[in-house]
Every structure is written in structure tokens, then in C-alpha cells.
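Going by the working numbering, 498 is the number at position 498 of the sequence shown; the sequence numbering is gapless.
Be aware that one or more of the hints could be misleading.
[What the hints assert, rightly or not] The calculated lysine-lysine pairs, modelled on DSS-like cross-linking and capped at a C-alpha distance of 25 Å, are:
#1 LYS621 / LYS598
#2 LYS598 / LYS617
#3 LYS598 / LYS616
[As the list claims (entries may be wrong)] Across the chosen pairs, the derived CB separations fall in these ranges:
#4 ASP437 / LYS469: 28 to 34 Å
#5 ASP531 / ASP667: 53 to 59 Å
#6 PRO372 / ARG178: 33 to 39 Å
#7 GLY389 / LYS469: 41 to 47 Å
#8 GLY172 / ARG142: 28 to 34 Å
#9 SER484 / ARG142: 51 to 57 Å
#10 ARG478 / THR637: 38 to 44 Å
#11 ALA662 / ALA596: 21 to 27 Å
#12 PRO141 / GLU335: 34 to 40 Å
#13 LEU93 / ARG142: 45 to 51 Å
Think of the hints as simulated: they come from the structure by calculation, not from any bench. No residue lacks a Cβ here, since even glycine has one placed at the ideal position from N, Cα and C.
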Amino acid sequence: MLVWLRAGVVRDWRGVLGAFLATWFYVPAALFLGVGGAIVFGVAGIINGGGNLGEVLPEPVRDAPLVGSLLDAFLDRSGGVLGSFVGVAFGFLAGSLLVLALPWREAFDEPANLFTGLAGMVGAAALIGVLYTLYRVMWEPRLLAISGARRLSRREAERLQPVLYDCAHALGLPTVPRLLIEDDPVLTNARAYARHVVVTTGLLDEPDENIAALLSHELVHWRTGDEVTSAFVRGVALPLVLVHAVPTWLMRTYPHPATNFVVFVFFWPVLLTMKYVVLPLHSRDVRAAEYRADAGAVLAGHAQGLRDMLERRKSFETGRSGWDEAVCATHPASELRLDRLETLTPAAADGVVAAPVTAEGLFGRPGAVASPRAMLVAGALALACAFGGILLGVTQWALFRPAQAVDGYFSALADHDARAALELLTPDARSAAGDVDRLAALVEAKGYRPPDDVEVLSVDRDGDEATAKVEFTLAGQRVPAELSLRREESATLGLFHGWRLAGGPVTVGVPGGQAGLTVNGVPVETPPEGDTLALLPGVYTVGGQSTVLAETPAQAVAVVPGMDSAGQVRLEPVLAPGAREAAEAEVRRHLDACAAQKVAAPAGCPFRYYNGSAVKKIAWKITEYPRIAVELTGPATARVSTPYDAQGAVLATGTTDGYFGATPFSDDDSFGVEGVLSVVDGRITFLPSGE
Numbered sequence: 001m002l003v004w005l006r007a008g009v010v011r012d013w014r015g016v017l018g019a020f021l022a023t024w025f026y027v028p029a030a031l032f033l034g035v036g037g038a039i040v041f042g043v044a045g046i047i048n049g050g051g052n053l054g055e056v057l058p059e060p061v062r063d064a065p066l067v068g069s070l071l072d073a074f075l076d077r078s079g080g081v082l083g084s085f086v087g088v089a090f091g092f093l094a095g096s097l098l099v100l101a102l103p104w105r106e107a108f109d110e111p112a113n114l115f116t117g118l119a120g121m122v123g124a125a126a127l128i129g130v131l132y133t134l135y136r137v138m139w140e141p142r143l144l145a146i147s148g149a150r151r152l153s154r155r156e157a158e159r160l161q162p163v164l165y166d167c168a169h170a171l172g173l174p175t176v177p178r179l180l181i182e183d184d185p186v187l188t189n190a191r192a193y194a195r196h197v198v199v200t201t202g203l204l205d206e207p208d209e210n211i212a213a214l215l216s217h218e219l220v221h222w223r224t225g226d227e228v229t230s231a232f233v234r235g236v237a238l239p240l241v242l243v244h245a246v247p248t249w250l251m252r253t254y255p256h257p258a259t260n261f262v263v264f265v266f267f268w269p270v271l272l273t274m275k276y277v278v279l280p281l282h283s284r285d286v287r288a289a290e291y292r293a294d295a296g297a298v299l300a301g302h303a304q305g306l307r308d309m310l311e312r313r314k315s316f317e318t319g320r321s322g323w324d325e326a327v328c329a330t331h332p333a334s335e336l337r338l339d340r341l342e343t344l345t346p347a348a349a350d351g352v353v354a355a356p357v358t359a360e361g362l363f364g365r366p367g368a369v370a371s372p373r374a375m376l377v378a379g380a381l382a383l384a385c386a387f388g389g390i391l392l393g394v395t396q397w398a399l400f401r402p403a404q405a406v407d408g409y410f411s412a413l414a415d416h417d418a419r420a421a422l423e424l425l426t427p428d429a430r431s432a433a434g435d436v437d438r439l440a441a442l443v444e445a446k447g448y449r450p451p452d453d454v455e456v457l458s459v460d461r462d463g464d465e466a467t468a469k470v471e472f473t474l475a476g477q478r479v480p481a482e483l484s485l486r487r488e489e490s491a492t493l494g495l496f497h498g499w500r501l502a503g504g505p506v507t508v509g510v511p512g513g514q515a516g517l518t519v520n521g522v523p524v525e526t527p528p529e530g531d532t533l534a535l536l537p538g539v540y541t542v543g544g545q546s547t548v549l550a551e552t553p554a555q556a557v558a559v560v561p562g563m564d565s566a567g568q569v570r571l572e573p574v575l576a577p578g579a580r581e582a583a584e585a586e587v588r589r590h591l592d593a594c595a596a597q598k599v600a601a602p603a604g605c606p607f608r609y610y611n612g613s614a615v616k617k618i619a620w621k622i623t624e625y626p627r628i629a630v631e632l633t634g635p636a637t638a639r640v641s642t643p644y645d646a647q648g649a650v651l652a653t654g655t656t657d658g659y660f661g662a663t664p665f666s667d668d669d670s671f672g673v674e675g676v677l678s679v680v681d682g683r684i685t686f687l688p689s690g691e
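From just these sequences and the hints, can you work out the full model?
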């Protein structure tokens, strides 16, 4: 059984190749677009060729005496024809090559896809061919019963079975197929299948010699697995065969020229592909099988009966489907078969040496499935393929799986290498990093703390995308996160597809207009309206400006992968140690300077004296200094004010010049102070309000 299947499946490699190319390379579609393109470009060539081909001649040729005018006249009168030829050729090639090359577009960027795609296509075609062959063999009794074949009656069996067994014995066959019959008293037909031989009732009217010749012929078909060969070819071309069955069924059911024309208009690519691509390659094995079956009739001793059948009929085998009819149409002509028959039985031909017919020549030597050498070569190839597949699989698993990309990403962060980490991101995510040099400086700084103790918990893959669940230590806490990954379209060495993280850097908002802003000790300039920084996972220390007046406490920002944003950094300055005492001293210095002025209204001072008379002489004495409140307005500025219950006191003494002469006065008053503190040359200075 195994030998029989092997011989039938692999024997007709030309037919299998034709079926494979025609079906799996979309030859009907290529033919359709090719002819369509030829028509379109041919018409365009006719229209544009007549007046434009003369312009393609080089100017020296066009200006040459006689030659230029001769060529110009020739192209003017034949340009349309030449243009149509060029258009037809270009259109046909462009249309057909478009269909043939389109499925292999991925191989242009990745040559390994050409091999893997072709191997997958061959595997799929072979699998469909084998499954279809097994289906035809296993379901053959049911299929034949549906088509009208039945078991023999007692009288039919008494007439045919002895002849069948005699023929099998003459051919050296240990078993015979099951014999079925169809009710058709007009035609004398027979057909060998994988497990059956079907004859028509018209065969019962033939003499025993003719019946024996026909059955011997069909037994050879059965023994050599010709039906298995045909079934495998059909299986490889199954999509094309199914489409081809539609027009052939229509033309068989409605045999009319109009029907044939309409069917051809709609199905001409399939019909032409089957007729001029598949069947010509398959017909060589079909013709050889017919000659071999005829030789079987000679070996069984029924050459005369076969000669009688061939002289009366063109063929005694017909098809049940469009495929069968097309295959039967490729059988050798009866005259050629008679010529071959004469070389095998030269009794009637003088001086002709007969070619001996043996069972071994027809069926081959009995024995194992294959020779030891063939089995050794096949085993070596299988081992090489298995080893190569295992090696490629292990390499892919060890170096190019999603978990490796995650490990490499966190390893780059642990090494403070931002550029290496960015290389493991997808191009879209990498473009979101912004200023790569600044990001690299932030990660390389000592203040950067990368995620530690990273553990990949699981990786869930869905096609070319994957999600990795990880857990790591960040800022002293265990933090879970999910990372999205995408499979690379390009392949390393044309074989291995790596993975890239799809999530880009996380944005962090920083305040603007602050001089001295640093991230991990690296100065960062920001516009007045603020800015956003793209940061890789880790802990960053954001600091602000520090002066003698105020200092900005550093803020730690934890960036976790998968976050949309790490929020907005708000830097709040606080008074520097000793800044309040320095501010109070600066305010007192200002007040003392005010008190030292011998005028009733010291400029820029919070106190003054007025009673309606001219002040002739005045002196100021601060009896109690006010307590000040300092409100920071920035790292280098602050607002100074005096609470209502913390007013200071000042004593003004002197004389006024009035109607009665000089009059002494003494006046106590309370006052507060307001102004702005700023840092100038590293010192705190006070500027009163209004100045």
C-alpha cells in the first residue's frame, strides 16, 4: 500500500509542478491582468505612437540628409503599429508580473521571506494534495455510488469476474480491485480508480477477448496507481480545479455555441491556464500510463482484443468531470497506440524485433518503499532540517524573544546608557524622546537611580504584539508595571525577528523661568511658560536655584514605564537659614538711615511729621523696631510687610516756626515697613515700596 501511494504521488513531478505553479502563483489572475494591460497599453500605443515616435530619434540622426527624412517618414506611418506592439508587450509584462510579484513583496526587504514563503507554499500545496488524495481513496466507494456505479448482479459477475481473475493471474497480481458496473448499454467504457474498476453494461456485449483486453488495460492502471497520481495533481491544484469545474459543467450541461462563448468570456483565464499550463505538463505521464496499460494487455495475452477495441473506438475511457474529460483528451491517438502495439506484437510485421514485455518492466521490482541509498539521503536531509530548525528555534528563543528585549532594556538603564535603551524602543517611541543628548546626560549623571532587581513575571503574546509584566525596585519600593512590545518587521541575518518596546519615554512637567534648574545635577534651561521633559524609567532628582535668601529643596521624581505622565514638578523655595535675621538687619539698617535724616519727611521712609506749621528743627528716634513678615516670591526675591499688631514706634522732637515764634514739639507715632528683598552680588538688599 505504501509503495503504491509513494509511486503514485511522486511519479508525475511535471504535472505536480505545473499544478503548483498555475494555482499557487495565481497564473489565471496574472493572465487576466496581463491581457488587460496589453489591451490598454496597446490602444495607448496606437494612439500615441504615430505622432510621437519620431521625436525619440537623436537630433544628429534626424538632421542627417535622406536618412533623417526616411526614418521620420517611416515612423510617422508605422508608429502606431510599433507603439501598439510596444504597448502590448509592456502591458502584458507589467500586468502579469504585478500578480506574480505582489505576494512576494516582503521578500524585497527580507530575503529569507522568499525561502520561508516558498517553503510554506510548497508545504501547504503538498498537504492539500495528500489530504485530497486520501479523501479520494477513502471515500471512493461513496463517490462512485453517488455517480451511478453499482455492484455486479449474479449474471454480470458470472460473466466478468472469471475474466478479471484470469487477467490478474496473467499479470502476476496477487489481488484484484473491486469491480463495479454502470447501466449504459450504448457506450463500452471502463475506468480504473484507486480501489475499483468501473465498466459499463455495454461491455457485456463484447466478446471475451475484448473484455479481457480492456480489463487487463485497467488492471495495469490500477496497479501502477495512475488514479492516485491524478488525484494528487488535482489536490495540488484544488482551488483551480474547483473553479475549472464550473465552466466545464456548464458547457457539458448546456452544449450550445452561445453557452460556450459566454462561459469562455467569463472563465477564459482558468480555461486557458488549465489547457496550456497544467494539462500539457500532466499529459506526458498520462500518455506514458496509456502506453504502459496497453503493454499490460499484451503481457496478459490479449493484444488482439486490444487491437480490435482501438480500431473501433478512439478511446474506451471517459471522464466524469471536466478534469477527467480534459485528461482523457490528452490520451495518445488510437493510431499511435496501434503503432506502439505493433512493436510489442510483431507477428504481422515482417522483420520487426519485438520488445519484450515483463511484469517487472510494468510494475517495477517488488520490495521496500525505497532503496537504502535513497532512505539514507532522505534520513540525512531530515536530520539536517530537524537540526537546523532546532538550532534556529533555540537561537530565536535565547536571543530574540520578548523577555530578552525587556532584560536588555533594563540592563541598559542599569548601566546608565540611555542611547542603548532607546535603541530597544520602536522608531515611534524613540522619536518621542526629544533631545537625546540631554536625556543621555540626565541618565549618565550620578543622581539617576535606575530600576533595580528587575523580574519578568510573564509575557503574553498576541501575534506580532506582546505584553510583559515586570516587577522591580524603585525608590525603595517594589513596583509592578506592564510593558508593550512589538515584533520587528526586519530580521537579523534575514532570519531572526527581534522585539522592541512600544512604550516611549514618560513626560514630566517642569516649571519655567527659573534660573539654576537642575535634573540629577545637570542644568536644564526652560522657557518662561515651562517645559516637559521626556524621561526613561528611574528616579530623578529635580532641584532649583539656591541663594542667601532662599533655597529650593530637591524633589525626587519616580518614572514608571507604562505611565502616560509622571505629573508636574512644583519647586517651592523656602527661606535659607539666617535669611530672616539678615533681612531684619537690612530693614533696620534702612530704618536707621531714615531716622538719621533731619527732615520732616525722609524720602523712602515709613514715617513723617506734619502739624500745619513749618518745622524748623527735627530729630527722629526709633523707640521700637517693627517686626517684619517675609514672603518669598522667588528664589531670589521676597516681599516684606509688617503685621497690624507688630507696628514699630518712632519719636519725633524739634521746634516749629509759627505766629508766636519758635515752639518746641515732641510726637510719638507708630509705623510699619513694606518693601522687597532681593539678592544683589550675593547679599540681601532691601528696597522700600515706592522706589
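Against the structure, the hints:
1. LYS621 / LYS598: Distance ~11 Å between LYS621 and LYS598 Cα, so the pair holds.
2. LYS598 / LYS617: Holds, because 7 Å separates the two Cα atoms, which is no more than 25 Å.
3. LYS598 / LYS616: Holds, at about 10 Å.
4. ASP437 / LYS469: 28 to 34 Å: At roughly 33 Å between Cβ atoms, LYS469 and ASP437 fall inside 28 to 34 Å, so the hint holds.
5. ASP531 / ASP667: 53 to 59 Å: holds, 56 Å
6. PRO372 / ARG178: 33 to 39 Å: Since the Cβ atoms of PRO372 and ARG178 sit about 35 Å apart, the hinted range of 33 to 39 Å holds.
7. GLY389 / LYS469: 41 to 47 Å: With a Cβ separation near 30 Å, GLY389 and LYS469 fall outside 41 to 47 Å, so the hint is violated.
8. GLY172 / ARG142: 28 to 34 Å: Holds - the Cβ-Cβ distance for GLY172 and ARG142, about 31 Å, lies within 28 to 34 Å.
9. SER484 / ARG142: 51 to 57 Å: Given range 51 to 57 Å: holds, Cβ gap about 53 Å.
10. ARG478 / THR637: 38 to 44 Å: holds, 43 Å
11. ALA662 / ALA596: 21 to 27 Å: Check passed, 23 Å falls within 21 to 27 Å.
12. PRO141 / GLU335: 34 to 40 Å: holds, 37 Å
13. LEU93 / ARG142: 45 to 51 Å: Since the Cβ atoms of LEU93 and ARG142 sit about 47 Å apart, the hinted range of 45 to 51 Å holds.
Checked against the numbered hints above, the structure violates only hint 7.
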